[in-house]
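These protein sequences, in sequence, are chains A and B.
Under the UniProt record's numbering, read the first sequence as residues 1 to 419, first letter to last.
Under the UniProt record's numbering, read the second sequence as residues 1 to 83, first letter to last.
One or more of the hints may lead you astray.
[Stated by the list, open to error] With a straight-line Cα cutoff of 16 angstroms, these simulated EDC-like cross-link-like pairs (lysine to aspartate or glutamate) come out:
hint, chain 1, residue 1, chain 2, residue 2
1, B, K52, A, D13
2, A, K256, A, D13
3, A, K72, B, D16
4, A, K71, B, E77
5, A, K72, B, D20
6, A, K71, B, D27
7, A, K256, A, D98
Treat the hints as calculated values from the structure; they're not laboratory data.
Small disclaimer: the values here were computed from a predicted structure and weren't measured.
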Amino acid sequence: MTAPHSALKLPDDQRIVITGIGLTSPNGNDLGSFREALLEKRSGVQPYEIRYFGETLAGICDFNATKHQSKKDIRRGTRAGSVGVYTANEAIADSGVDWENTDKSRVGIYVGVTEHGNVETENEIYVIKGFDYDTSCWSHHHNPRTVANNPAGEIALNLSVTGPHYTIGAACAAGNAGIIQGAQMLRLGECDLAIAGGTSESIHTFGIFASFNSQNALATHTDPAAASRPFDKNRNGIVVAEGGCLYTLERLSDAKARGAEIYGELVGYAMNTDATDFVLPNPERQAQCVQMALNKAGLEANHIDILSTHATGTMSGDAQECKALRSIFGECDNVRINNTKSYIGHAMGAAGALELAGNLMAFRDGVVHPTINVDELDPDCELPGLVLNEPEQRPQVDYILNNSFGMLGINSVVIIGRV
Amino acid sequence: MTPAEIRVEILDILEDISPDEDLNGLDDQKPFRDQLELDSMDFLDIVMELRKRHRVQIPEEDYGNLASMESTVTYLEPKMKDI
């Protein structure tokens, strides 16, 4: 380590490490293929059509849901649940944990979501429209599908986990928020293994497309792969994506005891609130959140090797985040800054967790994947260390800082250190 | 609908509800629950599908008639004969 972060002073049972990763992204259904797509600059954005709204673009996942679920459970549950079940099973398998002999009452499931229930409610309204809005045709599955804990609950059912399970509703900061919640519960001794991260089924609700469109914040482009273009002068909005990324988090003491492979350690985190607007970000509060995470980690800004930005491709949001980052990293020569939404669009509740996963392998190979689609850098987004359009090899990557912000002014930052 | 047609319709509904099950060997006299993994939500699906597809209303006190294929067809015959 080039910098002694604060977590090193903690006992091993208070240090939280990532030991398994399960994910589905529009451009990959496991960490290896996702990472490969990022280094090969392969987009996962495709043409998409959804009822009422019509033709648009989206990041669409093609994971094999029946790998871990029966067709009946897929039918009964939700897309977010299926994403969760797939990614949770993949994370456990990746962790190498002896799942059969794991005490399921000591496993906690903490799943970040931007929203949940819109898809299922829209579907039911569509169905009863065909019956002249006769509510006796409204499905009895609607409530279990739309309760806010659904995606986490479906994972618990599938894996027979009897420890705590719930979702963390945190808009587009949810992926980081899920990780933070999992770490806190491990530190409190409320569970011994946390399955934590975020999921999104948002491309299946026409409302999210219609609402972003009404806000003039939905991306359009003749080339789907070029539609998501954070930091580019000609960006014109968000590409909505589905996806999921769940981690197995453990105390370092437990991970060491079983000889687990460790992807990284959560060395710092922070969450705060703008309290200024429903949708417009507040760079002062975002910067404060980043600084709080650095302070918690005991790190200086220039210790960060990769900064994974939240930027979604909106004119205002990208510039505001860059303003916030400039106030902290403006004089740094070490940090390299990238954006993963430029490949996959905005995976909403999964975004923070997925974007972190896309960067984690840099601890091993030292390569920073670039922000793609930046044909003309917006001067308002200029920052030292932007990695644009081509990957950059670094001598060593020790710390990754991951931003994830959301509506109603919710901000989250996690810092992961190489172990 | 004839009893044979009603049986085909129920089988179609069961295929939707239990897509993982093989319904070829279904014994009409035996209760569904002895042969298939069906719970109360699945039986509500049968009720719902009949309502949606044919506007057949099945009051809660009659749910017991849906125990087996034979009892279901017998129960539905007067309700669906004019469909």
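Status of each hint after checking the structure:
no. : hint           : in the structure
1   : K52/B - D13/A  : violated (56 angstroms)
2   : K256/A - D13/A : holds (10 angstroms)
3   : K72/A - D16/B  : holds (9 angstroms)
4   : K71/A - E77/B  : violated (31 angstroms)
5   : K72/A - D20/B  : holds (7 angstroms)
6   : K71/A - D27/B  : violated (23 angstroms)
7   : K256/A - D98/A : holds (14 angstroms)
Comparing the model with each numbered hint stated earlier shows that hints 1, 4, 6 do not hold.
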